[in-house]
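Asker: Sequence:
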Amino acid sequence: MAASAVRGAMALRTSTGRPIAFVRKIPWTAASSELREHFAQFGHIRKCNVPFDKETGFHRGMGWVHFSSEEELQNALQQENHVIDGVKLHVQPQRPKILQGDQTSDEEKDF
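In terms of my numbering, the sequence shown opens at residue -1 and continues consecutively.
Among the hints, erroneous ones may be present.
Said to hold, decoys possible - 25 Å max Cα-Cα, derived SDA-like pairs, lysine to any residue: (1) K52 x Q72; (2) K52 x Q76; (3) K52 x N79; (4) K52 x L75; (5) K23 x N73; (6) K23 x E69; (7) K52 x N73; (8) K45 x E78; (9) K23 x G84; (10) K95 x T27; (11) K52 x G15; (12) K86 x F20; (13) K86 x Q76.
Just so you know, these hints were derived from the structure itself, not from any lab.
Whenever a hint applies, use it, and build me the whole structure from the sequences.
Answerer: Take a look at the structure:
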């Protein structure tokens, strides 16, 4: 039982410790390269992910920017106005994922 609690704490720590920014309101004219270029002023970008809709071929207007350190992420978050192609982006830290298997409930779920 104690090992399970330790694993849960470790999973939470690693998921919240990642320096990732969630970016919304990305203009349709911008690609991941523009997003990477904009956020590079705050530090080294490890990865920039802008998912595309398979049906339309356009990106979904949101994405994730993975920084190398928490300090670089905080530098980006402190900037109030992030603008690409005249559109103000909404930037926030990535929320930790909640693992369904680690949660407990008194209710029985019908599937």
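Asker: Between K52 and L75, does the CA-CA distance stay at or below 25 Å?
Answerer: Distance ~30 Å between K52 and L75 Cα, so the pair is violated.
Asker: Are K52 and Q72 close enough, with their CA atoms no more than 25 Å apart?
Answerer: Not OK: K52 and Q72 at ~33 Å, beyond 25 Å, violated.
Asker: What's the verdict on K23 and G84, does the C-alpha distance respect the 25 Å limit or exceed it?
Answerer: 11 Å, holds
Asker: For the pair we were handed, K23 and E69, check the Cα-Cα distance against 25 Å.
Answerer: Roughly 24 Å separates the two Cα atoms, so the pair holds.
Asker: Checking one constraint from the list: CA of K52 to CA of N79, max 25 Å. Satisfied?
Answerer: 30 Å, violated
Asker: Given the hinted pair K86 and Q76, is their alpha-carbon gap at most 25 Å?
Answerer: 15 Å, holds
Asker: Holds or violated: K45 with E78, Cα cutoff 25 Å?
Answerer: Roughly 22 Å separates the two Cα atoms, so the pair holds.
Asker: Would you check the hint for K52 and N73, treating anything up to 25 Å between C-alpha atoms as holding?
Answerer: Judged against 25 Å, a Cα distance of about 33 Å means the pair is violated.
Asker: For the pair supplied as a hint, K95 and T27, is the alpha-carbon distance within the 25 Å limit?
Answerer: 30 Å, violated
Asker: Within 25 Å, alpha carbon to alpha carbon, are K23 and N73?
Answerer: Holds, because 20 Å separates the two Cα atoms, which is no more than 25 Å.
Asker: For a C-alpha distance cap of 25 Å, please report whether K52 and G15 respect it.
Answerer: 31 Å, violated
Asker: Can you confirm whether the C-alpha distance between K52 and Q76 stays at or below 25 Å?
Answerer: At roughly 34 Å apart (the allowed maximum being 25 Å), Q76 and K52 break the hint.
Violated hints, listed in ascending order, are 1, 2, 3, 4, 7, 10 and 11; each of the other numbered hints is respected by the structure.
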